[in-house]
Structure formats: structure tokens, C-alpha cells
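**Student:** Given chain A's structure and the hints, the job is docking chain B onto it.
Chain residues, written in single-letter form:
There are 2 protein chains.
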Amino acid sequence: MIKKLAALCLSIAMLTAIGCGEEKASTSQADAEKAEVKTFNWRLVTTWPKNFPGLGSAPENFANAVTEMSAGRLTVKVYGANELVPAMAVFDTVARGAAEMGHGAAYYWKGKTSASQFFTAVPFGLNAQEMNGWLHYGGGLKLWQEIYSDFNLIPFAGGSTGVQMAGWFNKEINTVEDLKGLKMRIPGLAGEVLQRVGGIPVTLPGGELFTALQTGSIDATEWVGPYNDLTFGLHKAAKYYYYPGWHEPGAMLEFIVNKDAWNSLPKDLQAIVTHATRAMNQDMLDEYTARNNAALKELIEVHGVKVQKLPDEVLLALKNASEEVIAEVIAKDEKAKKVYDSFKAFSDDVRPYTAISEKAFIEARDL
Amino acid sequence: MIKKLAALCLSIAMLTAIGCGEEKASTSQADAEKAEVKTFNWRLVTTWPKNFPGLGSAPENFANAVTEMSAGRLTVKVYGANELVPAMAVFDTVARGAAEMGHGAAYYWKGKTSASQFFTAVPFGLNAQEMNGWLHYGGGLKLWQEIYSDFNLIPFAGGSTGVQMAGWFNKEINTVEDLKGLKMRIPGLAGEVLQRVGGIPVTLPGGELFTALQTGSIDATEWVGPYNDLTFGLHKAAKYYYYPGWHEPGAMLEFIVNKDAWNSLPKDLQAIVTHATRAMNQDMLDEYTARNNAALKELIEVHGVKVQKLPDEVLLALKNASEEVIAEVIAKDEKAKKVYDSFKAFSDDVRPYTAISEKAFIEARDL
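If you're matching them up, the sequences are chains A and B in order.
All residue numbers for the first sequence refer to my numbering, where the first residue is 1 and numbers rise by one.
All residue numbers for the second sequence refer to my numbering, where the first residue is 1001 and numbers rise by one.
Keep in mind the hints are simulated off the structure, nothing from the lab.
Check the hints yourself; a few may be wrong.
Simulated crosslink set (BS3-like; lysine-lysine; CA at most 25 angstroms straight-line) [unchecked claim]:
id	chain 1	residue 1	chain 2	residue 2
1	B	Lys1309	A	Lys267
2	B	Lys1267	A	Lys267
3	B	Lys1359	A	Lys297
4	B	Lys1077	A	Lys267
5	A	Lys77	B	Lys1267
6	A	Lys259	A	Lys338
7	A	Lys309	B	Lys1359
8	B	Lys1309	A	Lys359
9	B	Lys1319	A	Lys359
Looking at chain A on its own, in the form it has when it is part of the complex (with noise of 0.2 angstroms):
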């Protein structure tokens, strides 16, 4: 009876990876060990300084859900940026299995593939409401998850910070000469953008902006928003904040998950890890959306922030100039060229309702 009764342990342990308390003492060394197998405890890294508000507690309340609803089967440890692994080997960490999960922005990995950059955010390109209709709704997911496949790896949007800022800058911005010379902090296509007409794009993590625009070794630097620049002091080191956010319009984030460490999990774990990050995706817009105008309010009001609009005339250069860069991007590779096609095809399709709907309705509302 023991025998039986520790096989009826064991198959339902493994149905539900619950441990079988007392009786467990009485099953094999053997058995107890793979049941044990069934409850997953996972790693997360991240490309963000540990708890980073918005884009740190995306991680964070991930993996809260996930343990709440699979009642302690799966639960997810999550490092900071340096805690395990630098920000920037987050895409290898999980590519090889050290870690089954991580968070950041696509764009990153653009030396990995340059299709990653239409995955986090395009020069001019779609506000956050458009890209996750587009990712959705639109085959972008799909197309992600065949680019990142390659890698090991399963892509999933990982929320959005909305429109960002422009940035600081220690010089104010009259005209296209303005650009020239300028040495900012700017990642991704934009950065190409910015290189194409005069300036200097330099690429530095978060954690280095204040002193880098302190000392001048930087002129300018973009972060997101009100929200996480106010976290990061930047108003301290230069003069101007900059709007509208050309660069990008509704930055995307992702979370990756080893394929094998995927494949491991039992199906209903795997639909508890897809909900929850769509769950999360949308969580940190609302976020940001509710807390980036008391930011922005008492960097005006405390700090006495300037804030001023890109004259229109360096907005159109920025918008000829990205469109030659992205011309350049896919023009060298296949899949980007894929990737973008499909995006672009979204764009041209949602854009005129934006501007019946969204657009119009704004206005109405300020008239």
C-alpha cells in the first residue's frame, strides 16, 4: 500500500508539482526527486537597475502574478542590471539557458539582428496603442518570435513607456545646424538619425547619464519620460528638456524566455507566463501614464525645467533623415527588410484612422 500510495503521490505531484507533505518521507529518493522537478524556479535579468520605477517593476510584478497564479509552482527570481550578468549580456544570458528569463528593449540587440530595432521603437513610427496592434493584431509578434528564434529565445511584449521626451540638452535647439556636432545619448535607429544629420551618437547605460551631461562628456542625452528622468536627476545636469519624442513614439519593451526552459514548462505554466507578460505590457503604460505629468509638474514647478518644442523644421529633418537610415537598415538585410514591411504596411493602414479617432478627439477636447 505504501508503494501505491507513493506512485499516486508521485503522479499527482506531477500533475500539480504540490509536494505531497508527510507521505513524502515514505516515497524513494528517486521519486521525490522528480517530483520535485515539477515546481520551476526561474531567473530573470534584466537590463535596468533592480526595482527601476516602471521599467524595473515590470519584472518585479511578473513574476509576483506568475507565483500568485500557479499557486508557488513557478516562481521568478529577478536581478537587476549587474546583479547577475551586465545589462547589456541579458540577450546572451538567456540565449544560452544561465538564465530562462530577462527583460529590456529589443533595440539592444541590434548588433545580434538589426530587424530587433523595429521591435522597440521607430523613428516617426507607431504611438504604443498602434505597436501592440500591431504586434497582436498585425503578425509583428509573430515575425518577432521567427527572428528571435533563431536565438533560442521567445520574444514577448514586455510593456511600453508611451511617447518619450525629446531629452535634455545643454544647448538649445533653434535650427538643423543646431544638430551638428552634438553629442548625445541616443540609442538604436535614432541615434543613426541623429548621426545623419551632424551629430554624435554615443550609446551609455542608463546609470551613466548624470555625470556623463555633468561633466559635458555628452551635450544631450534622451532617457523616457518625466517619470524616470526625474529618478535619474537629469534636470540637475542640463538646461532644456526637449518635446515631442520623434525617436520614440511608444518605446516597447520585451520579455525573453530561454526556448528549452519554454518547453520545459507544463502547458498551463506556459499560458500563465503569456497572460501574465500581456498583463504586464499593459501595466506599465498605466503607469507611466498616471505618473508622468506630477514628474513633469515638479520639474517645472520645483526644479524650474524649461520645456520646449523642437522647432518643426528639425522635425522634418529628423523625419527625412530616418527614413533614408531605415532605407539603409533593410536594404542590407533580408529579415529586417521583412520585418519593417510589415510594420510599415500596419502603419500606412492605422495612421488614417489615428487621425479620425485618437487625433481628432484630442483636438476636440482642446478646442
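**Tutor:** Below, chain B without anything else, positioned relative to chain A:
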């Protein structure tokens, strides 16, 4: 030993709601019944026709997500309007527990509590992104839960259609005078607004709009937007299609759960329901965003629909009337005042950032 086994089986089954397989035959009938109680088979009644695009997909997708994530421990059977109860009986049906869940829109229940209207749509109020910000990071959902608690219900945001179209008209609207005597199907606060400018608001379920418009028993109707309006064939019954949708800038739907049914769920299934609603909330907006424009194109190119913008004079009159109507609603009902005060404070706070982020970006993109 049988008794011990039965007890173990039951205790595990209670934790996991998975039956004890072949061993079940050896448990007593009473124990088996108790074990089976832990699989939950819920009914979800909706205010939409079964499988209606967008609106009706959300409850179906929710049901699938919950079944997958719970490995079948919680199943949800979806009933369209009139399958189990009529559309307008959803609230009462779930409140009394005759169905465990419902999907609809809070403003349908303004007769129960006038505060409910602010959780769906406020004329000239918040768009989808802002509405989600208010609900999830601005205290809105907490207030919604307070209001519905009196009815033995727990609400969750249940998807957004985005900005809706102003609707279908058989009469051109050039001045405020043209709204006088206009018989239009338009629910919620917006109906009262129409009345204040001289129109005659009518309440009709979606399924009756086409006939009412065709027979001339109404002069105009709003419904949702191109994707849904095309399904009902409203273009065959009306001459003009007007924008922008001033009346429902980010119509938020709702999932409602009977509180006793909720309390009967173990914590992990409660978490699964919570996060599944959040994922579906995002999913619906993605679908509308992706599909509205294709439908709009078909309406224009295939069916020759004339898309016209409401004159600013008309929009301004509607905006002034909206403010008056809302002031009266909240003067009559303390709970409505509490909810609207929160909504308005969030709105005042979020709009300046929307102006320099989303709005400014779309303008820059369209330069």
C-alpha cells in the same frame, strides 16, 4: 490505509482541484463529491450577441485563457445576450449569483447607481490610455470596486474600443440647430448631453439599430467604430458617418464577478481571473486598433460612405452641455461626485502630458 489514502487524496485534491484518478473509486461518495467541488464551472453572461467581433471576443478569449492557465480547474461558459438572460439583465443576474460572471459596460447600469457611468465613458473625458491610467494607477478601479460592492459584485476593466465614431446620420449636421429634434440612439451621459442641446436620445440594444435607422424611427445612431459598425451594416441605412467621437473617447467595458463566487475560489484561481481580465483589457484595444481602419476603408471605398467632421461650433456646444450634465449628475448623488472628482483630478493632471507626448508626436509625424 484506505481511510488515510482517502484523506490524503482529498487534502491534495482540495489544494489542487485535480481529482484523484483511479483511486477515486476507493473514496467514499461524500469525499468524492467534496473533491469534485474544487473544479469550478462558471457561467458568464454578456450584453453582446455571442461572438460579436471585438466586444464579444473578449469574454470568449477570457474563458480560453482561464481554462488554459488553470488546466481546466476553472472553466467559463460564455452566453451571448438572450441566450441565458437578456442583455440588460446581466448586472442583476450576476449580482444574485445566477451567473458567476458578466461582460458588458458599466453605463448600462446607471439606473442602479449613477456613478457607474464614469467607469465607461465621459463625454470629452479620457481616452483609452488615460482611462487605463486612471483605473489602475489613479484610484479609479478602487472606487469602482467600492461602488459595486453594494451589489455583491467585483468589477474589472474589460477592454476598450478606443475612440468611437460620432455615428451614423441621415441628416447633415452643420450647426447646433441641426441637432434640435434629432432622434438618436445614444446611451449614458452622452444621451443626456444630446437632450440638453435639443435632441431626443433613444436607448436601443445594438441588434435593433439597423431596422430603427432604416425605418426612420431614429434619425441617427452611434455604435462603436468602423469594425463593429460594418458588421451591423449601418452604412446601408444611413447617409453620413461623423467623427470625432466626442461622447465615448475610450469606452471601457467591464467584467463583473459575483462576490460569493469570487470568495469560493482559491487564491491562485483568483489571481488567474484578475490577470486574465487585465490581459483581455489590453487585447481588445489591440484588436480594434488593428481592425478599425480596414473596415473604414471598406466603408469608404466599397460602400461609398461619406465621412464628415462635426463642425467645431457643434463640438463646443456639446462640450458645454456635457459640463452642465455632469454637474447635475454629481449634485444629485454623493457617490457619483466622489467618483467624478477622482476622474476629473486625474484628467486635469494627465492632459498636459498627453498634449506634449501623444498629441505632439502625432502632429510631428503628420508634418
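**Student:** Hint by hint, say whether it matches the structure.
**Tutor:** We went through each hint and held it up to the structure:
1. Lys1309(B) x Lys267(A): violated, 49 angstroms
2. Lys1267(B) x Lys267(A): holds, 20 angstroms
3. Lys1359(B) x Lys297(A): holds, 18 angstroms
4. Lys1077(B) x Lys267(A): holds, 21 angstroms
5. Lys77(A) x Lys1267(B): holds, 21 angstroms
6. Lys259(A) x Lys338(A): Answer holds: lysine 259(A) to lysine 338(A) is near 23 angstroms, not above 25 angstroms.
7. Lys309(A) x Lys1359(B): Within the cut-off at roughly 12 angstroms; holds.
8. Lys1309(B) x Lys359(A): Given that 25 angstroms is the threshold and the Cα spacing comes to 13 angstroms, the pair holds.
9. Lys1319(B) x Lys359(A): Distance of about 17 angstroms is within 25 angstroms: holds.
Consistency with the previously given hints fails for number 1 only.
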